[in-house]
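Chain order of the listed sequences is F and U. Be aware that the first sequence starts at 1, since it is given in our numbering, and climbs by one per residue. Be aware that the second sequence starts at 1, since it is given in our numbering, and climbs by one per residue.
Hints may be right or wrong, so weigh each one.
A few chain F positions that, by computed beta-carbon distances, are all more than 12 Å from chain U [unchecked claim]:
| no. | residue |
| --- | --- |
| 1 | Asp54 |
| 2 | Ser83 |
| 3 | Ser94 |
| 4 | Asn102 |
Below 30 Å or equal to it, Euclidean Cα-Cα: the simulated DSBU-like pairs (lysine-lysine) are [unchecked claim]:
| no. | chain 1 | residue 1 | chain 2 | residue 2 |
| --- | --- | --- | --- | --- |
| 5 | F | Lys57 | F | Lys70 |
| 6 | F | Lys57 | F | Lys11 |
| 7 | F | Lys53 | U | Lys70 |
| 8 | U | Lys26 | U | Lys70 |
| 9 | U | Lys69 | U | Lys56 |
| 10 | F | Lys11 | U | Lys56 |
In case anyone wonders, no lab produced these hints; they're calculated from the structure. Beta carbons are placed, not taken as given, at the ideal position from N, Cα and C, and that holds for glycine.
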Amino acid sequence: DAGITQSPRHKVTETGTPVTLRCHQTENHRYMYWYRQDPGHGLRLIHYSYGVKDTDKGEVSDGYSVSRSKTEDFLLTLESATSSQTSVYFCAISDSNSGRGNEQFFGPGTRLTVL
Amino acid sequence: SQQGEEDPQALSIQEGENATMNCSYKTSINNLQWYRQNSGRGLVHLILIRSNEREKHSGRLRVTLDTSKKSSSLLITASRAADTASYFCATDAGGSNYKLTFGKGTLLTVNP
Numbered sequence: 001d002a003g004i005t006q007s008p009r010h011k012v013t014e015t016g017t018p019v020t021l022r023c024h025q026t027e028n029h030r031y032m033y034w035y036r037q038d039p040g041h042g043l044r045l046i047h048y049s050y051g052v053k054d055t056d057k058g059e060v061s062d063g064y065s066v067s068r069s070k071t072e073d074f075l076l077t078l079e080s081a082t083s084s085q086t087s088v089y090f091c092a093i094s095d096s097n098s099g100r101g102n103e104q105f106f107g108p109g110t111r112l113t114v115l
Numbered sequence: 001s002q003q004g005e006e007d008p009q010a011l012s013i014q015e016g017e018n019a020t021m022n023c024s025y026k027t028s029i030n031n032l033q034w035y036r037q038n039s040g041r042g043l044v045h046l047i048l049i050r051s052n053e054r055e056k057h058s059g060r061l062r063v064t065l066d067t068s069k070k071s072s073s074l075l076i077t078a079s080r081a082a083d084t085a086s087y088f089c090a091t092d093a094g095g096s097n098y099k100l101t102f103g104k105g106t107l108l109t110v111n112p
């Protein structure tokens with residue numbers, strides 16, 4: 001299994017509080033992604049990173065920010081959590097040099113509940 | 001917006017039967033991938049088929065791609081109870097950042 005961990009694995013928070021989710025990889029992969037998964041919507045891309053300090057928005061980026069200060073860590077921040085951000089969040093990584101195309105490897109997910 | 005749309009949304013079969021799931025997409029692609037997700041877990045990559053390929057095999061998996069119809073199918077032969085999971089197609093429309101767009105998935109239940 002690819003070395004990807006997410007922390008925390010579960011979190012319950014209140015509306016209006018800031019929340020930071022962490023994705024950590026030990027694979028030295030260049031690309032990292034944050035998705036959210038909701039019933040009826042599948043996986044939707046929030047933000048992604050194509051290198052240290054290089055990030056861009058995905059399909060559902062409003063209300064989220066990211067940072068990548070080193071290759072192995074990609075942080076997702078909800079500046080002021082809302083109930084609509086209750087979801088399961090997945091981090092994924094990809095290696096452009098793998099020769100297998102852009103296969104993505106996923107972390108175990110973080111279940112976030114905003115009350 | 002979702003690029004890939006799987007069909008059916010849910011499929012229930014008996015062990016030993018074959019399972020076929022379909023994926024349709026809207027724009028041209030560089031490749032199409034299938035992923036599997038067991039309940040409560042992250043997604044796991046199954047197979048990738050490039051736009052210039054028509055069929056690919058991996059163990060009990062067979063994937064076809066018809067770029068003229070913008071569709072793909074995933075066939076799982078001789079299914080097992082352990083194949084019970086959600087299956088997602090994901091499309092890569094090209095570009096330098098290797099982004100994928102996922103469909104909503106097919107929930108496959110294989111009954112013992």
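Whether serine 94 of chain F stays farther than 12 Å from all C-beta atoms of chain U, as the label says: Nearest chain U Cβ is 5 Å from serine 94 of chain F, so the label is violated.
Is lysine 57 of chain F close enough to lysine 11 of chain F, meaning Cα to Cα at most 30 Å? 24 Å, holds
Straight-line alpha-carbon gap lysine 26 of chain U to lysine 70 of chain U, limit 30 Å: 7 Å, holds
Exclusion check [serine 83 of chain F not at the chain U interface, CB over 12 Å]: 22 Å, holds
For aspartate 54 of chain F, which was marked as not at the interface, is the minimum beta-carbon distance to chain U over 12 Å? 9 Å, violated
Would the hint linking lysine 53 of chain F and lysine 70 of chain U be met if the CA-CA limit is 30 Å? Since the Cα atoms of lysine 53 of chain F and lysine 70 of chain U sit roughly 36 Å apart, the hinted pair is violated (cutoff 30 Å).
Please settle this one: asparagine 102 of chain F was flagged as non-interface, so is its CB more than 12 Å from every CB on chain U? Given that some Cβ of chain U is not farther than 12 Å from that of asparagine 102 of chain F, nearest at about 4 Å, it is violated.
Holds or violated: lysine 11 of chain F and lysine 56 of chain U, Cα atoms, limit 30 Å. 41 Å, violated
Could you grab the alpha-carbon distance between lysine 57 of chain F and lysine 70 of chain F and see if it respects the 30 Å cut-off? Between lysine 57 of chain F and lysine 70 of chain F the Cα gap is close to 19 Å, so the pair holds against 30 Å.
Would the pair lysine 69 of chain U and lysine 56 of chain U pass a check requiring their Cα atoms to be no farther apart than 30 Å? 17 Å, holds
Checked against the numbered hints listed earlier, the structure breaks hints 1, 3, 4, 7, 10; every other hint is satisfied.
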